[in-house]
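2 is the number of the first residue of the sequence shown in our numbering; add one for each residue after it.
These are computed hints drawn from the structure, not numbers from a lab.
Any given hint might turn out to be false.
[Claimed, not checked] Keeping only pairs whose Cα atoms sit at most 30 Å apart, straight-line, the calculated BS3-like set for lysine-lysine is:
{"hint": "1", "residue 1": "Lys692", "residue 2": "Lys211"}
{"hint": "2", "residue 1": "Lys211", "residue 2": "Lys591"}
{"hint": "3", "residue 1": "Lys527", "residue 2": "Lys591"}
{"hint": "4", "residue 1": "Lys211", "residue 2": "Lys527"}
{"hint": "5", "residue 1": "Lys591", "residue 2": "Lys692"}
All of these numbers come straight from a predicted model, not from anything done at the bench.
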Amino acid sequence: MLLVCFVSSTLLLLTTTASAQPHGRIAGVVRDAVTQRPLSDVTVIVEGRSRPAITASNGTYIIDSVRVGTVTITTRMVGYAASVETDIIIRSNRTTTVDILLTPRSIQAASVEVVATHESHESYTGTVYLNNEEIRRTPSGVGDVQRVLTAIPAITGSEDQVNDVSIRGGAPAEVGFYIDGIFTPNINHMPQQAGGGGLVSILNMRLVDKLSIMTGGFDATYGERASGVIGVALREGSTTEIHGQADVNMAGVGGYLEGPLGENVSVIVGARHSWVDALVALLDVGKAPNYGDAQAKVVWRLHPDHRLSAIAVMGLSGLERSVSQALMDSLPRYGSEDYAVGTYGITWQALWSEHVVSNTAVGVATLRANEQWMAADTDTLDEQIASVDNTLSIRSVTSMYLGGTGNHADVGFELRQRRLQVHEAHLGTNRRATSNVLAAFASVTGNVGTLSLTGGVRVAALQPVQDVTVDMRLQAQWAVADEVSVMAMAGQYSQELPPTLLAYADATSTLAAPRMLYVGTAVEWKPAPTTSVRVEAYQKQYHDGPSSRQRPEAFVLDDVFGTNGRWRDVESLGIDAMAHAYGVELVLHKRLTDGWHALIGTAVTSTEYRDAAGLWRPRTFNNRIVATAMLGWMPAETWMVTTRWNYLGGQARTPVNAAASQLAGETVRDVSNTNGIYLPPYHGLSVRADKRWFLQGSTVTTYLMVLNAYNRRNVRDVVWNQAVGAVTNDEMWGIVPVFGVEVEI
Numbered sequence: 002m003l004l005v006c007f008v009s010s011t012l013l014l015l016t017t018t019a020s021a022q023p024h025g026r027i028a029g030v031v032r033d034a035v036t037q038r039p040l041s042d043v044t045v046i047v048e049g050r051s052r053p054a055i056t057a058s059n060g061t062y063i064i065d066s067v068r069v070g071t072v073t074i075t076t077r078m079v080g081y082a083a084s085v086e087t088d089i090i091i092r093s094n095r096t097t098t099v100d101i102l103l104t105p106r107s108i109q110a111a112s113v114e115v116v117a118t119h120e121s122h123e124s125y126t127g128t129v130y131l132n133n134e135e136i137r138r139t140p141s142g143v144g145d146v147q148r149v150l151t152a153i154p155a156i157t158g159s160e161d162q163v164n165d166v167s168i169r170g171g172a173p174a175e176v177g178f179y180i181d182g183i184f185t186p187n188i189n190h191m192p193q194q195a196g197g198g199g200l201v202s203i204l205n206m207r208l209v210d211k212l213s214i215m216t217g218g219f220d221a222t223y224g225e226r227a228s229g230v231i232g233v234a235l236r237e238g239s240t241t242e243i244h245g246q247a248d249v250n251m252a253g254v255g256g257y258l259e260g261p262l263g264e265n266v267s268v269i270v271g272a273r274h275s276w277v278d279a280l281v282a283l284l285d286v287g288k289a290p291n292y293g294d295a296q297a298k299v300v301w302r303l304h305p306d307h308r309l310s311a312i313a314v315m316g317l318s319g320l321e322r323s324v325s326q327a328l329m330d331s332l333p334r335y336g337s338e339d340y341a342v343g344t345y346g347i348t349w350q351a352l353w354s355e356h357v358v359s360n361t362a363v364g365v366a367t368l369r370a371n372e373q374w375m376a377a378d379t380d381t382l383d384e385q386i387a388s389v390d391n392t393l394s395i396r397s398v399t400s401m402y403l404g405g406t407g408n409h410a411d412v413g414f415e416l417r418q419r420r421l422q423v424h425e426a427h428l429g430t431n432r433r434a435t436s437n438v439l440a441a442f443a444s445v446t447g448n449v450g451t452l453s454l455t456g457g458v459r460v461a462a463l464q465p466v467q468d469v470t471v472d473m474r475l476q477a478q479w480a481v482a483d484e485v486s487v488m489a490m491a492g493q494y495s496q497e498l499p500p501t502l503l504a505y506a507d508a509t510s511t512l513a514a515p516r517m518l519y520v521g522t523a524v525e526w527k528p529a530p531t532t533s534v535r536v537e538a539y540q541k542q543y544h545d546g547p548s549s550r551q552r553p554e555a556f557v558l559d560d561v562f563g564t565n566g567r568w569r570d571v572e573s574l575g576i577d578a579m580a581h582a583y584g585v586e587l588v589l590h591k592r593l594t595d596g597w598h599a600l601i602g603t604a605v606t607s608t609e610y611r612d613a614a615g616l617w618r619p620r621t622f623n624n625r626i627v628a629t630a631m632l633g634w635m636p637a638e639t640w641m642v643t644t645r646w647n648y649l650g651g652q653a654r655t656p657v658n659a660a661a662s663q664l665a666g667e668t669v670r671d672v673s674n675t676n677g678i679y680l681p682p683y684h685g686l687s688v689r690a691d692k693r694w695f696l697q698g699s700t701v702t703t704y705l706m707v708l709n710a711y712n713r714r715n716v717r718d719v720v721w722n723q724a725v726g727a728v729t730n731d732e733m734w735g736i737v738p739v740f741g742v743e744v745e746i
């Protein structure tokens, strides 16, 4: 009823508001990407306008009377690579802030992407950047940042119900997340243990400014993750105006408010709450989780050379199931589970001189979970678990300009302590694990003509495994032509062991940090500043991985603990597990220009591990063939239609032992054939249509998404179905329509 009233009121507003052609304003600061110093006399051009803006001595610029709609901004200055910023939405009577970082033109290759982040990174192999509008309009995103990531062929999801991501066949635990430079183990509601997934992200998509997605070799400033790093940059609130936004759709309600708090302080706050659980209950179709989250970011400009930003991101989620509901749905358990997840921290950016800038982030990430489940048939306690997972992190990176064109060095350190406590009341056990990481790193980039070289080293001490890792990394980038560059990357990447694994292992001091040796090469062609085509090949070799004596057939790092009933099967661990991966990827990325955009790619991969008997088996997340195509079309200034089709070759699974399952009354796997079968291929089409109304002083956007538009019955697993006495497919979502309305003032 609330949704109907909201939509009716919105449509009434649209039909009664004058349709005059409103205008907005663009303002921002242009800085050097290496030194962060403001740049004067920079030319800033809005596509379609004949008169450019020129930045002042403090790097600021203002462009008035810009017609509402979607525009592109081009920034040029002698000695710097041109920057092209797309998907800039101009709203009525509102200032749109666009801060721009210009990269010194060291080579003629256009493969260096200019992205407004707090730190300067070269275009490493496998790196993709997505801006706020690209994130928002991804059809299969459903308000979830992690689901957006799977639009890139190097990243695959495990299933529809859970947003875990795998990079190039690696485990979810091999992916690291940073929010504004603050390390965050898990960013999701109802999070999974020893993985990076859950129900849905606690990040409000409208508060995310940019995503930096490093799926291949990344430089030495990041470490303790073998597969990739996801950097999330949150939006800053307006420094001059107060604005707000409300979003109501079939899944829930949310919004944000932003504006200045004094002359040098800005703030943005947001919140969301789902009502899927209430909708499911109203329709009497079962039980669904409920969740709510809140986000805030405050930026304080202490001095032209110093600024502090503080963030708070938190979420609550839970699920309750009554005994009657369990019996009705033929489920073995009833009870409840609830979660509290949060990340809090402060980032300090300091410009110490014309050539030195540092970024320091201090943060705390928390994860609390409580579960109590009863057996539906006997009404006895089946499982009761309470866990607390806290992470304290400090990370500091100092960038120094070394002279010449684009020569610079990054040095710094990272300190993390993660403490996990698990109380299993039904077993009477208490388990604890403390994981410490102390790392120091240095990375140097030098340019000679059309050749750019980056070399780095990262030294890390890890406990309780009592291991010291020395990871060397090197990348070369050669501009063979104005539009074509060739890149090569080699290095070692060490993996931090999940605390959940350490908590259940008997002896952790005998373990080692798994190592991954990475070699990759890429060729990139940029026929236009907003379009790139990249072909990339890579090879990964894992060694010193943990192996379980209780389950010699398994690859322990691929387990997502807490979802597969194997919490206690890792007491005795060795370090003899090995794995390898090979792959070739092709990616076309065209940002929104000329009325259309595209992100199209395909990948052929193979990833296997060696079990204790010496047999090579497919890893769980080995999809073999991946294809994704996201196409967007702007038929008119106020319309955007985006489609996304994706295909996965099907994950490896262990078949069900039907005879043993029938005797046990539950699913029993044939471990002698671990990962011996593949699920049917996964594929689906999602469509999203957005319509904007630019009114006097406000903007209204209506959107319709259809997930799995042709209702493909994708299979998430094969299980024993006791009700029918046979092995059946556990299927994912069918077709799901989502309608919503956003109002911005």
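Hint check results:
1. Lys692 x Lys211: holds (23 Å)
2. Lys211 x Lys591: Since the Cα atoms of Lys211 and Lys591 sit roughly 16 Å apart, the hinted pair holds (cutoff 30 Å).
3. Lys527 x Lys591: holds (10 Å)
4. Lys211 x Lys527: holds (21 Å)
5. Lys591 x Lys692: holds (22 Å)
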